[in-house]
Amino acid sequence: MRSSVMRLGNITMVGLRAIARNKMRSFLTALGIIIGVGCVIAVVAIGNGATKSVENTINSLGTNYIMLFPGASTSSGARMFTGNSTLTADDAEAIKTECPAVAYVSPTVRAAAQVVAGELNWGTSIQGVSEDYPLIRSWNVSQGTFFSDQDVKSASKVCVLGSTVVDNLFPNGEAVGQIVRIKNVPFKVLGVLDKKGGNMMGQDQDDTIIAPYTTVMKRLSGKTKIDMIQLSAVSAGQVQEAQNQIDGVLRQRHRIPPKGDADFQMRSQEEIAQASGQQTAILRLLLLVIAAISLLVGGIGIMNIMLVSVTERTREIGIRMAIGAKGRHVLLQFLFEAVTLAIVGGALGIAFGVGASLAVKHFLQWPIVVTTASVVLSFGVAAFVGIFFGFYPARKAARLDPIDALRYE
Amino acid sequence: MPQNVIEIHGLTKIYTMGEVEVRALAGLDLVVDSGEFLAVMGPSGSGKSTLMNILGCLDRPTAGSYLLDGVDVSKLDRDERAVIRNAKIGFVFQSFNLLARTSAVENVELPLIYGDLGWSRAERHQAAMHALDRVGLKGRENSHPSQLSGGQQQRVAIARALVTEPAMLLADEPTGNLDSRTSEEIMGIFQKLNDSGKTVVLITHEPDIAQHARRVVTVRDGIIQHDEKVEQHRVDLRGIPPPVAPVAAEATR
Numbered sequence: 001m002r003s004s005v006m007r008l009g010n011i012t013m014v015g016l017r018a019i020a021r022n023k024m025r026s027f028l029t030a031l032g033i034i035i036g037v038g039c040v041i042a043v044v045a046i047g048n049g050a051t052k053s054v055e056n057t058i059n060s061l062g063t064n065y066i067m068l069f070p071g072a073s074t075s076s077g078a079r080m081f082t083g084n085s086t087l088t089a090d091d092a093e094a095i096k097t098e099c100p101a102v103a104y105v106s107p108t109v110r111a112a113a114q115v116v117a118g119e120l121n122w123g124t125s126i127q128g129v130s131e132d133y134p135l136i137r138s139w140n141v142s143q144g145t146f147f148s149d150q151d152v153k154s155a156s157k158v159c160v161l162g163s164t165v166v167d168n169l170f171p172n173g174e175a176v177g178q179i180v181r182i183k184n185v186p187f188k189v190l191g192v193l194d195k196k197g198g199n200m201m202g203q204d205q206d207d208t209i210i211a212p213y214t215t216v217m218k219r220l221s222g223k224t225k226i227d228m229i230q231l232s233a234v235s236a237g238q239v240q241e242a243q244n245q246i247d248g249v250l251r252q253r254h255r256i257p258p259k260g261d262a263d264f265q266m267r268s269q270e271e272i273a274q275a276s277g278q279q280t281a282i283l284r285l286l287l288l289v290i291a292a293i294s295l296l297v298g299g300i301g302i303m304n305i306m307l308v309s310v311t312e313r314t315r316e317i318g319i320r321m322a323i324g325a326k327g328r329h330v331l332l333q334f335l336f337e338a339v340t341l342a343i344v345g346g347a348l349g350i351a352f353g354v355g356a357s358l359a360v361k362h363f364l365q366w367p368i369v370v371t372t373a374s375v376v377l378s379f380g381v382a383a384f385v386g387i388f389f390g391f392y393p394a395r396k397a398a399r400l401d402p403i404d405a406l407r408y409e
Numbered sequence: 001m002p003q004n005v006i007e008i009h010g011l012t013k014i015y016t017m018g019e020v021e022v023r024a025l026a027g028l029d030l031v032v033d034s035g036e037f038l039a040v041m042g043p044s045g046s047g048k049s050t051l052m053n054i055l056g057c058l059d060r061p062t063a064g065s066y067l068l069d070g071v072d073v074s075k076l077d078r079d080e081r082a083v084i085r086n087a088k089i090g091f092v093f094q095s096f097n098l099l100a101r102t103s104a105v106e107n108v109e110l111p112l113i114y115g116d117l118g119w120s121r122a123e124r125h126q127a128a129m130h131a132l133d134r135v136g137l138k139g140r141e142n143s144h145p146s147q148l149s150g151g152q153q154q155r156v157a158i159a160r161a162l163v164t165e166p167a168m169l170l171a172d173e174p175t176g177n178l179d180s181r182t183s184e185e186i187m188g189i190f191q192k193l194n195d196s197g198k199t200v201v202l203i204t205h206e207p208d209i210a211q212h213a214r215r216v217v218t219v220r221d222g223i224i225q226h227d228e229k230v231e232q233h234r235v236d237l238r239g240i241p242p243p244v245a246p247v248a249a250e251a252t253r
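If you read the sequences in order, they're chains Y and V.
Our numbering puts the first residue of the first sequence at 1, with every later residue one more than the last.
Our numbering puts the first residue of the second sequence at 1, with every later residue one more than the last.
If you're looking for bench data, these hints aren't it; they were derived computationally from the structure.
Backbone N, C-alpha and C fix where the C-beta goes; we use that ideal spot for every residue, glycine too.
Zero decoy hints are in this set.
Derived DSSO-like pairs (lysine-lysine); straight-line CA-CA distance at most 27 Å:
{"hint": "1", "chain 1": "Y", "residue 1": "96", "chain 2": "Y", "residue 2": "223"}
{"hint": "2", "chain 1": "Y", "residue 1": "157", "chain 2": "Y", "residue 2": "225"}
{"hint": "3", "chain 1": "Y", "residue 1": "396", "chain 2": "V", "residue 2": "75"}
{"hint": "4", "chain 1": "V", "residue 1": "75", "chain 2": "Y", "residue 2": "326"}
A few chain V residues that face chain Y, going by a derived Cβ cut-off under 10 Å, partial list only:
{"hint": "5", "residue": "58"}
{"hint": "6", "residue": "101"}
{"hint": "7", "residue": "110"}
{"hint": "8", "residue": "114"}
Between the sequences and the hints, there should be enough to build the whole structure, so can you do that?
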């Protein structure tokens, strides 16, 4: 037993020496695995980071969050989404009064405009919402106050600024109480919102101005319909109930029979998360396929070189067999060589992948999540690739006839 | 230890090449005592190479028995023959067959790696150094084959054959790639080893070389045609320069 363990050690040494003798070739062979594993690690890290940040934004919506937006409508028998909203501020009001499972409701209208403050100007998006908005999004002001229901009712020319807008229009930071001009309409700044960061699409959520929806509709967009309604249920458990109640109210108001196609759609936070999860799953599958292909290519590279190596070293194999190497000794020697190439390649690939991920994180500021699972998995796959693709050449070597091998020139 | 190192009866080897059967060995008998120095001669096609392959346990006979050092090796499978080759046979080839880019001492240690002796690295190294010393290569243990002359390479090969203390040395045209003076030198080493008790079987087609043995058998048409004791042509080892030839070492730089 002791001697067979020791012999295994000796044979692995033989394999190692063969690698060391052909440094350049060994490196090039391992390069396939290095790049394969490195790409897997880096791409998975970037993918995980993206998923993570999407999840964070969706979770930050709050578990009670429901989004209601206009859907396809039927006109003259043709079902289509015309782009014309069917939702009105009255719908929002009706939902608020008639749906007990709904806690807060905010009609939402959007506009884009160039905003001027003193000598500075900044192009940004304007969101018209109700006084419930901070409660729905759990997004509070860091300075000043949010506008009141009174401001909404009377369509006051007041607004609240996102921190990016403040940075660009009021570099000194003294924004509260100042006036900004949006499409030449002066708005008084009541407050500044908490910094929120990028959203799931990578947009800066702080690059926005929030004003009463009534004011935005009247002074800025001139629309009579609203773009969507954001709501929150009284509790996470009441989300489904709230959706049922809203469905009932809106069908009644829009005169849609219970079985008919609704002209609105709802998405709860959970449903948004699911939809995004499906996208991520597809992305992950795609990455896995790419990873599998790159490792396959790397493995074929190893097999190719090992086959060349076996042919090239036929005489050496003959010598070893003549002086007493059994078939399995030769098999182990070549298999070990292949596995070592794969494992060393895998280790270098991990270093390369982690390095590349950190570089991306540092220079591009992308969110990066390097998981232990991806490291362990790609390393395991690399080792498996070595065994799988090393076996055939090794067996070929082990089955050589010593007489022919010795005669080989 | 049995008296006979080799005991062969009715050794037959038939190669089938498509429809044609070639009878390379046709019931050959041969007995070699322990401590003998035997030369096997024969023209090409005589069955000499087939005999050498079977003697070296590289191949199996179609029929007949072959006792090597008391063990019937004629029916062993691949792995069993590998074990026998390792323990009982020391090969010396015409083209040296050393591993390139591997030092002399590592080449000599090689059979010990595959053996069942269970020696430690230090023990293997020591045995290899001793074997190199016996062929007069002390001091060249770290040289690689490319840094050694042909004669020196063949000495390393002999040391490799000796290191497991096999029952016999089996040398296949060991001087075929050497000039006549170096050939004498190598034959001198075989004679010296034989004097110290080693059984040596030499396969050659050169009568001059065969004269260094004590007994010469001639194979023809797959059987032994002549078997005669010869007056051994002794190599005068005193006339041979020391094995570490500085000139050869310089020349290969």
